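Q: Model the full structure from these sequences, guided by the hints.
There are 2 protein chains.
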Amino acid sequence: METSTKTNFPLVVIIGAGFGGLEVAKGLADKPVEVLMLDKHNYHVFQPLLYQVATGSLEAESIAFSVRKNFSSQKNFRFRIAEVMGLNAETKTLDTTIGGIKYDYLVIATGSTTNFFGNKQIEKFAMPMKSIPEALNLRYLVLQNLEEAVLLKTREEREPYLNFVLVGAGPTGVELAGALAELRNHVLTKDYPELDKEHMRVYLVDFMPKVLGPFSEQASAKAKDFLVKMGVDVLLNKKVESYDGEVIKFEDGQTIRTRNVIWSAGVMGVIPKGVPEGSIIRGNRIQTDAINRVEGAENIFAIGDVAAVITEETPKGHPGVAQVAIQQGKQVAKNIVHIIKGEPTEPFKYFDKGSLATIGRNKAVADLGKIKFQGFFAWLIWMFVHLVSLLGFRNKIIVFINWIGSYINYNGGTRLIIRRFVRDNVPADARHLPKTES
Amino acid sequence: METSTKTNFPLVVIIGAGFGGLEVAKGLADKPVEVLMLDKHNYHVFQPLLYQVATGSLEAESIAFSVRKNFSSQKNFRFRIAEVMGLNAETKTLDTTIGGIKYDYLVIATGSTTNFFGNKQIEKFAMPMKSIPEALNLRYLVLQNLEEAVLLKTREEREPYLNFVLVGAGPTGVELAGALAELRNHVLTKDYPELDKEHMRVYLVDFMPKVLGPFSEQASAKAKDFLVKMGVDVLLNKKVESYDGEVIKFEDGQTIRTRNVIWSAGVMGVIPKGVPEGSIIRGNRIQTDAINRVEGAENIFAIGDVAAVITEETPKGHPGVAQVAIQQGKQVAKNIVHIIKGEPTEPFKYFDKGSLATIGRNKAVADLGKIKFQGFFAWLIWMFVHLVSLLGFRNKIIVFINWIGSYINYNGGTRLIIRRFVRDNVPADARHLPKTES
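One line per chain: the protein sequences are R and E, in this order. For the first sequence, the numbering used here gives the first residue as 1, with consecutive numbering after it. For the second sequence, the numbering used here gives the first residue as 1001, with consecutive numbering after it.
Hints in this document: simulated from the structure, not taken from any laboratory. Fair warning: this is a prediction, and the values are worked out from it, not measured in the lab. Think of the CB as a built atom: it goes at the ideal place given N, C-alpha and C, for glycine as much as any other residue. One or more of the hints may lead you astray.
[What the hints assert, rightly or not] Beta-carbon label-pair distances, calculated as ranges:
#1 R:T154 to E:K1341: 36 to 46 Å
#2 R:T154 to E:N1088: 27 to 37 Å
#3 E:G1100 to R:E157: 14 to 24 Å
#4 R:P214 to E:H1199: 44 to 54 Å
[As the list claims (entries may be wrong)] Rough simulated footprint, nothing fancy, chain R against chain E, three-plus residues with beta-carbon under 8 Å:
#5 1037 to 1050
#6 1067 to 1074
#7 1129 to 1137
#8 1143 to 1157
#9 1394 to 1403
#10 1411 to 1419
A: Now the structure itself:
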């Protein structure tokens, strides 16, 4: 069993190396605690740029950063690759793939995963994009389907391979639609002279009447405008009924033949087993008090996407964005120290820095408080904010070079199928490509 | 069936997008032929830097380059991802995963794969490193075994996870040994404070009495010297008897407990089925005449690692290096044009530009004809030669930045386990890490 070892200080276990988890660990540096972080992966992912990994604009490694390297100079920090199977609040223990762990304080920072709202068929056939392996699968699927399209002779045969349907018009869907539209407009016929640009279609679908739901009306309208000008079919007020891997069907009867459905229509928290059922609310989030403490469990905190700070001022919690996780992580670190020292805790207060979303190579929309603007300048801001937020000097430089490259020359990025994506459910006869990996 | 389509020009089919295949295609630009290239992957790999992908110094994408992108402006070029299952020289057809292909001229440029010399047990448990997926598997295995070692308590338990045995002291083995030694010397305890540097061992084994066999005595001696100074155990005149996934045993009775055996002790040509048996010689190479033509098959050529140009001057063929493949590719392209135009062909003449191998972060050995030198200046030459040879401006810049980063700061590179490597044969109880991918 892993316990507090080197010292007599209490052990703070953090589950998850996302934006929130990192801040907690950082905030506990040089404090009278030991920190043990667990994650399924040995890296932190800069999720806002996942869509660029999916479209091959960036390598996976440049938006990920080694957790061990990040904390290599923090003496009270340990890391383990592990998955948490269960939590026992009474005995203060975790059951994990690397054995039992006894914590003194626990921070659940497990983030969120794709929500298919219980539709098993869609879950089976649509592509999620919430992790690096998922983004890579999507990249390979897109490229494989372009390769397949080349092998087919008629437009009708090619159609399902060249129709891309993105469900969910939040920032992920909008950014991905822009990137795919640019792939169509500027790369497709260079790489695949056999194909016709007009035959590739990008559909962005949402059941709401606007794209970028939580943004200002002005940003939403302009984003839609940018997308339409780039040739994206924006289908609003449209609800998906079914998708069987071949045809996506909407509630109004419309159908689209496609082998590329990307699902970013919702998220839900990832909750370890053993969290009191009573504290789990809509969207699979853990309800907490104003200091991110889980109801009825004095030494368990939840932060970020998996948490909902429910107070009078925030009856629905906060939005599921990086800034909330970061700010909650900082606050929880401070409050754990306060508790240990017997000092009063300070409630979490969210400072909304605003929202940004990019559309294509050189346009973005920005809602920064009362200041709202769209276009090239917003894109510069978007670029700057993302570069400074990215972990690691090397990553910053490499991403910057890639962006400069893409800006000068549309034909940037790496469109390599490194690991073939095999969807178990697609009929074998549709797969012409070699199956070997080596 | 794929045939010559757009024109009445003869169809030249090239199997393989390695160094040789690319040169053939390039040499046929604007010539009265159609070119169809086939490869299992949609990218060319710069194999000399594979070992840096394996050790996490470089991302896979920066040593690979899209075949389609590379030839996007060559009008007479087509590409297909395909695997060749069979060749029928009589009917001039290929049987492939994308259907039949009728060629007029065929260039076999399929390269080589790891040669385990028939030892199935070693093949099952040792790691090869001849492709990007294999290099990534190796990277993940190394990192996973370091993570496993952290979970174990005694030095004895940790030993097999921290012993690295590289079999084959050619350039691959030497360069990998240098890189692993630097990982041990400069990174290990930063990333894994739980581990002891002295407990990680790197063994470089060869059955010959020297490292870098085909290099000059001076280069071999100096390379060994560099390795020993970096803490590599160089074991020469040593033949592997068996490896069962846990213990590697040598013919002299010595054993080493290790879960990390990397096999670069030999290569063999990858020959499509249907090549006349009579023309296949030692090392699974296709014997050709002086213009790289396969004996008895007038319109089939073989180049690079899979070929052996057997003439009086070269009774054993040429060494299996990139320069041979490149020069043969250029010559074959010229000769195909000569044949079509009814002109006399020109025999292949190898111009040996010399050999380079790097050891660690800032040392190399160089045999450039009569000029032989070793050390820092050789490393500068090595770096320059590899950068200019690398395809793609973006790749050059990104690799250069990575190298500068590693030079300034040993702790460079990305040590992320993006796709968990699962060896079917390792007992399940030894694997503590989570099995999920997403």
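Q: A separate judgement is required for each hint: does it hold in the structure or not?
A: Outcome of the hint check:
1. R:T154 to E:K1341: 36 to 46 Å: Because 38 Å falls inside the window, the suggested range holds.
2. R:T154 to E:N1088: 27 to 37 Å: Roughly 29 Å apart at Cβ, these two residues keep to the hinted range, so it holds.
3. E:G1100 to R:E157: 14 to 24 Å: This hint holds: roughly 19 Å between Cβ atoms.
4. R:P214 to E:H1199: 44 to 54 Å: Check passed, 52 Å falls within 44 to 54 Å.
5. 1037 to 1050: It holds, with 4 qualifying residues against the three required.
6. 1067 to 1074: It holds, with 3 qualifying residues against the three required.
7. 1129 to 1137: Holds: 6 residues of the stretch 1129 to 1137 of chain E have a Cβ under 8 Å from chain R.
8. 1143 to 1157: holds (count 4)
9. 1394 to 1403: holds (count 5)
10. 1411 to 1419: holds (count 8)
Comparing the model with each earlier hint shows no violations; every hint is respected.
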